[in-house]
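Since chain A is already given, all that's left is putting chain R on it; use the hints.
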Amino acid sequence: MEIWQIVGLALTVSVLGIVLRQVRPEIALQMTILAGTAIFLLVLGRVKVIIDLLQNLAEQANVSSYYLLIILKIVGIAYLAEFGAAICRDAGEGALAAKVELAAKVGVFVLAIPIITAILESLVRLLAWGD
Amino acid sequence: MGLGLEMVLKVAGVGLVVAIMAIMLEQAGKKEQATLVTLAGVVAVLYIVIDGIAQVFTLVKSVFQLY
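One line per chain: the protein sequences are A and R, in this order. With the working numbering applied, the first sequence corresponds to residues 1 to 131, in that order. With the working numbering applied, the second sequence corresponds to residues 1 to 67, in that order.
Looking at chain R on its own, in the form it has when it is part of the complex:
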């Protein structure tokens, strides 16, 4: 269990931090930097998500003998 919940909570935390940072930057009038922060957050999260998807695919391949 630990792994799944840990990854999900990590993603949720990154999302909230990125949202707050983007809001703060936008309030400070730095629109481009807010966009960049958002982009960086999406990429970081994508990194975690792809890791999870790869795990699922390898497991499905070994369980159903799909090669």
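This is chain A alone, in the form it adopts within the complex:
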């Protein structure tokens, strides 16, 4: 990922999109989607490096990799949902975008249940220990 590549791609697509939207709006939308995926692909290569770093740090700090994995999954769901919702909103389907976001929220909550129960359990243990 180099920043000028992404800026160049986005500018090219913007200019082409203006021309194409006047004649073929449906293909212009698909071009926007494709540009989004291309930029996403470029960025994700670098995100992998960050995630590797996080995993290393968690290993050194003796944090259970189980929780890190859950957090990674949540970030992934948020990324994908944001991507889909933004495209839907671009196409003028605001209601559909809201539904995609709702689905992502539910998915994130379901994934977070083990963490929430762990926090509650340790809280209960602390309170009981105080007696």
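A portion of the hints provided could be inaccurate.
[Unchecked claim] If the Cβ cut is set under 8 Å, some of the chain A residues that face chain R in the computed set are:
#, residue
1, V7
2, L11
3, A28
4, I33
5, A38
6, F40
7, V43
8, L69
9, K73
10, V75
Note that these hints are calculated values from the structure, not bench results. Even glycine gets a Cβ: it sits at the ideal position worked out from N, Cα and C.
Chain R in isolation, oriented as in the chain A frame:
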């Protein structure tokens, strides 16, 4: 970089060619064929777009370990 820009330019080219062909067919009074050309263009572009989306999804799944 090559892949992303290549796909985007391909889509833009298909869009422009389809638009010109549809305009020409409509000028010649062949409305149904213009619609068909448009439909074919949309399907061809969708083919490319779905390929790109599939790539992104597999990459996201492997990076964030979503299975």
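Kindly indicate which numbered hints from before are broken by the structure, ordering the numbers from low to high.
Per hint list: 1, 2, 7 violated.
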